[in-house]
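Student: Two chains, two frames, a set of hints: combine them into the complex.
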Amino acid sequence: DQQVKQNSPSLSVQEGRISILNCDYTNSMFDYFLWYKKYPAEGPTFLISISSIKDKNEDGRFTVFLNKSAKHLSLHIVPSQPGDSAVYFCAATGAGGTSYGKLTFGQGTILTVHP
Amino acid sequence: GAGVSQSPRYKVAKRGQDVALRCDPISGHVSLFWYQQALGQGPEFLTYFQNEAQLDKSGLPSDRFFAERPEGSVSTLKIQRTQQEDSAVYLCASSPIRWAGAGQPQHFGDGTRLSIL
Numbered sequence: 240d241q242q243v244k245q246n247s248p249s250l251s252v253q254e255g256r257i258s259i260l261n262c263d264y265t266n267s268m269f270d271y272f273l274w275y276k277k278y279p280a281e282g283p284t285f286l287i288s289i290s291s292i293k294d295k296n297e298d299g300r301f302t303v304f305l306n307k308s309a310k311h312l313s314l315h316i317v318p319s320q321p322g323d324s325a326v327y328f329c330a331a332t333g334a335g336g337t338s339y340g341k342l343t344f345g346q347g348t349i350l351t352v353h354p
Numbered sequence: 005g006a007g008v009s010q011s012p013r014y015k016v017a018k019r020g021q022d023v024a025l026r027c028d029p030i031s032g033h034v035s036l037f038w039y040q041q042a043l044g045q046g047p048e049f050l051t052y053f054q055n056e057a058q059l060d061k062s063g064l065p066s067d068r069f070f071a072e073r074p075e076g077s078v079s080t081l082k083i084q085r086t087q088q089e090d091s092a093v094y095l096c097a098s099s100p101i102r103w104a105g106a107g108q109p110q111h112f113g114d115g116t117r118l119s120i121l
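So the protein sequences, as listed, match chains S and P.
Just so you know, we're using the working numbering here: the first sequence kicks off at 240 and counts up by one.
Just so you know, we're using the working numbering here: the second sequence kicks off at 5 and counts up by one.
Chain P on its own, in the form it takes in the complex (with noise of 0.2 Å):
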């Protein structure tokens, strides 16, 4: 069990509720991403974690939208009063490194797919 792991893998939440989805990024991985994929689109970025430190959540689409990863392991992307343009594939990512440039490419879990009906 050497990846990237998500839970859950579906989520399904009624319009106004709160959701959260986890990522257990490969051990030792000191960069974490979270992206978010749309029907027939590719990911978008939304948030960058360092270790513990949050150093980049340019692409969280509101204030509705949360991450976390306190102890610069486990992160979680918490949606609160979910709308139905929140419909999407959340993907976290991780890699060993600072950045990706270097040449260490990033490694994606499978992804939570959420539905806000």
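Next comes chain S alone, as it looks inside the complex (with noise of 0.2 Å):
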């Protein structure tokens, strides 16, 4: 039972367009959404989060997308930079109750980014 799912497993794009990665989540108890980056060999790096009672975040180049009715949210990243080619996670989780923060991850979009 895949709670997040990003259905896309690579994204390719040209340097200083714009990066699209998608993420759909079933478990309507998520409320608190993150976006992480992970290089070879490397732990995941935290790159943005929205809250459900936003539908919009923006922090630079980067920005998160959510759309609550339809269970879905997006990070836009533009422009894309070659150095931004990485595998992207999309995590979620509930904050309270018995949830402890623990994220669910979706199964990772590796994006590359070509001069």
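It is possible that part of the hints are untrue.
[Unchecked claim] Straight line, CA to CA, 20 Å or less: simulated EDC-like cross-link-like pairs of lysine to aspartate or glutamate:
1) P:Lys-82 <-> P:Asp-114
2) P:Lys-82 <-> P:Asp-22
3) S:Lys-244 <-> S:Asp-294
4) S:Lys-276 <-> P:Asp-114
5) S:Lys-310 <-> S:Asp-240
6) P:Lys-82 <-> P:Asp-28
7) S:Lys-244 <-> P:Glu-48
8) P:Lys-18 <-> P:Glu-89
9) S:Lys-276 <-> P:Glu-48
10) P:Lys-61 <-> S:Asp-240
11) S:Lys-307 <-> S:Asp-270
12) S:Lys-293 <-> S:Asp-263
13) S:Lys-244 <-> S:Asp-270
14) P:Lys-15 <-> S:Glu-281
Derived from the structure by calculation, the hints contain no laboratory data.
Keep in mind that this is a model prediction, so the values were computed, not measured.
Tutor: Structural data, given as structure tokens:
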């Protein structure tokens, strides 16, 4: 039962263009969403997050959009740079209760930005 | 050296051997998580500590997996009688507060890549 899904295993983008990574979730108890970036042989690095009370959060070149009714979120990177090439994981958690903030991850999307 | 540190980085063991994986969280971080990442997949939750208390071990695959954090800082994940399906990257993460939903993301170590022959 995959509660967080990233349906695109890979994405290739030209430098300077926009990268859009998508994520869908099924558990309506999730109310906090995060994006992590991972380089080979390194641990995931936090990128940006969004609470369910918002529909957009922006940090520099990175913007995350949340559509609660569709249970869908997306990460926009603009402009894309070659150094952005990595695996991107979407993760979700429910704050409070017995979730303890444990993260449920998607399968990841490999982003390649070509010079 | 302010990050989460894991050791060893790589571990090769024969099927049936016991292994121990170590995690040094960021100093002062209350919460500590272990995740298992199979090849081509996202990390999957194993267990959670708040200080020295193991509050959630619902993700541990079997009773061969055991984790501890006796003094509320360093944690060890032990796998007994290893099997080939235990081969994965084991990631440790810590955060300064009780749960990430309050706006504090988890900080991950670089993981231990475990290979069972």
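Student: Looking back at the hints listed earlier, which ones does the structure fail to meet?
Tutor: none
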